[in-house]
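Q: Sequence:
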Amino acid sequence: MREILSRLLATGGRLRSAVSRDESDGDQLATDGGATVKTSRTDSLRNSLPVEWELIESAPFWLPPVLFAGFFVYGAIAWNFLLSLTDYNGLGGAQYETFDFSMYSRMLNDGAFWQAAQNTVVLLVVFTVLCLALGLFVAILIDQQIRFENTFRTIYLLPMSLSFVVTATMWAWVYNARNGVLNQLLRVFNLEGVIVGLLRPAGVNAEVIQWLSWNTTALAAVIFALIWQFSGYAMVVFLAGLRAIPTEHYEAARVDGASTVRMYARVIIPQLRASAVSASVVLMVFALKAFDFIYALRGSQPGANMDILATMMYRVAFDSLQWAYGSAVAIVLFALALLVIGPYLYSEYRRGEL
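When we follow the UniProt record's numbering, the leftmost residue of the sequence shown carries the number 1, and every step to the right adds one.
Worth flagging that the hints you see were computed from the coordinates, not collected in a lab. Note that beta-carbon positions come from the ideal geometry of N, C-alpha and C, so glycine has one too. Nothing false has been slipped in among the hints.
Here are the computed distance ranges between Cβ atoms for each label pair: (1) R262 <-> P65: 49 to 59 Å; (2) G70 <-> Y349: 14 to 24 Å; (3) P65 <-> V277: 22 to 32 Å; (4) V122 <-> V277: 17 to 27 Å; (5) W62 <-> V255: 52 to 62 Å; (6) E149 <-> G111: 48 to 58 Å; (7) P60 <-> F318: 31 to 41 Å; (8) V181 <-> S102: 43 to 53 Å; (9) F71 <-> I269: 40 to 50 Å.
Start from the sequences and build out the full structure, keeping to the hints where you can.
A: Structure (structure tokens):
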């Protein structure tokens with residue numbers, strides 16, 4: 001009997017120790033900034049849940065925006081592509097029984113499309129390169145610890161806060177052939193005929209002597225105005241990159257006897273590659289979105305030498321009621337945007353930034 005009681009007491013002691021160990025495993029004490037935090041078994045179980053369960057648990061937060069974006073953005077792109085495979089003209093319903101690529105073959109044989117595509121590429125490249133160059137130059141000047149730095153930085157960035165419509169209205173007034181500000185200034189030097197052909201409205205005397213023709217200056221006028229508006233953005237991006245470079249790099253270059261030009265060319269500017277890439281992507285996207293600028297400047301008929309894919313898309317779809325053809329032009333414009341953004345997103349993904 002005495003042996004049985006001793007065995008029961010020993011078994012009870014082992015059970016109590018097991019329970020206490022289980023409670024100590026389930027309830028742990030952790031310190032966070034001097035405060036004691038009690039973590040329960042529930043928290044540990046929640047942390048050990050599979051990723052799929054966490055995805056399901058967070059669905060109310062990410063599922064609605066994904067559905068809205070999928071329907072209104074990607075669904076619209078897919079519908080636009082299907083529309084480009086039909087002969088829909090904007091009246092009645094589109095016939096989705098048969099699909100072909102007749103609109104794309106028509107596009108390849110359309111001289112207006114090739115002219116608009118050429119203008120789009122020229123605008124994309126020239127605007128981006130010149131905007132980056134000017135922004136880098138201004139950023140280097142401001143980085144020299146000049147007085148009133150914040151004031152100058154605000155002045156350079158201010159045009160970007162304006163909309164395309166406001167900018168186009170202002171530059172239409174500047175370029176006006178009769179009483180434009182630019183021609184008024186050039187009149188002092190008897191050179192008013194130089195700019196009269198930039199944005200020549202109907203009714204202007206075509207016999208006015210022009211040193212630069214309409215054909216060569218129309219797109220240049222648009223590029224110049226856009227550079228004025230967005231070079232401040234490039235300046236801010238490059239200035240942030242310059243301020244992130246350690247001062248030891250400047251000092252080491254000066255100790256080695258490098259001149260200021262050589263220091264920036266060989267040491268500083270190569271370290272701004274990330275800033276240049278991010279700024280160029282944003283600027284190219286703005287160049288592709290220049291429709292409202294040109295439309296506010298010249299309407300839906302800007303002329304062959306100022307026409308870009310965006311204005312052509314609007315003109316053939318809404319003015320000529322050739323919706324299928326306009327959808328095909330829109331798909332080409334979308335593909336061009338992917339060519340601009342795709343490599344950047346892929347490089348960011350490879351670097352682990354996405």
